[in-house]
Amino acid sequence: MFKGVLKKMISEVNEPIRYFLDLENDFIEMNQCIDHQISFKYDGQVCLNCKKERLIFTMGHCKKCFYESPKMGEWLINPQYSKAHKGIEDRNLEYEKEIQIQPHIVYLSLTSQLKIGVTRKNGLYTRWIDQGAHEAIELLELPNRYLAGVAEVHFKKIFSDKTYPNKMLQNDFDAVDWNIERERALNYLPSDFEKFIIKNFKVNSFNFPVLKIPKKVKRLNLEKENFYKGVLKGIKGQYLIFEDNSVFGIRRHEGTRVEIKIDQD
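For the sequence shown, the residue numbers in the numbering used here are 41 to 305.
Don't read these hints as lab results, they were simulated from the structure. None of the hints are false.
Straight-line distance between alpha carbons at most 25 angstroms, and here's what the computed PhoX-like set of lysine-lysine pairs gives: (1) 252 with 269; (2) 137 with 126; (3) 137 with 161; (4) 235 with 196; (5) 103 with 81; (6) 48 with 264; (7) 256 with 273; (8) 91 with 301; (9) 207 with 255; (10) 301 with 81; (11) 81 with 256; (12) 48 with 301; (13) 207 with 47; (14) 235 with 123; (15) 48 with 252; (16) 252 with 81; (17) 103 with 47; (18) 81 with 258; (19) 104 with 47; (20) 197 with 123; (21) 48 with 273; (22) 242 with 161; (23) 207 with 256.
Sequences and hints are given; from them, build the entire structure.
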């Protein structure tokens with residue numbers, strides 16, 4: 041039996057993608073659990089930031105930490121609100137400089153549909169894997185989060201920035217001609233941003249360890265159900281897919297303390 045507080049799975053680019061669940065005192069290679077029965081038992085909630093036993097508000101944080109922690113500033117979701125490049129503090133300038141003033145990539149990815157997005161250059165593949173992208177390309181490389189956010193806002197006039205998890209999990213998407221979509225994006229780009237274009241692009245493809253695609257997604261909520269047991273049939277994005285079409289969202293359950301049992305027979 042394994043015990044610990046859930047946080048998002050660690051992923052590794054491979055064929056297929058490899059996943060690991062870090063429970064601090066335990067480390068589970070999740071690919072090895074596919075086709076085995078797993079049970080999850082709810083055992084309370086712990087804020088990932090302050091480490092106190094508090095109700096999780098969102099993103100693994102209690103309400104107090106969500107509104108006070110520098111990690112949860114508005115610029116996290118809306119990068120165009122980044123101000124560290126101007127020396128302006130939101131919650132903690134030193135932390136904000138470290139995260140915001142570094143190379144960022146504006147990209148297109150194919151999840152449930154073609155979408156535009158922004159992430160730090162050093163976390164690009166993790167970002168694509170976490171959102172369950174089938175394919176993705178880089179468009180622009182910018183020196184800070186603010187400029188990347190401004191570019192993303194511009195592109196959102198012609199591209200969605202949403203992923204629909206159920207469609208993504210069911211492989212419900214239309215194929216993309218990347219040359220056409222890249223050209224459409226760059227033709228829409230303001231001249232001030234042309235110097236940030238990534239000239240030699242490649243299509244990145246991802247193969248997720250999924251043996252069975254869910255026919256009708258049933259979302260699990262461990263806080264309400266307290267216990268779940270099922271045979272793991274796949275992992276995609278940050279979701280565990282089970283034989284009975286139940287889907288366990290790890291990100292949705294960040295901060296949840298659990299007991300996990302894995303039947304290795």
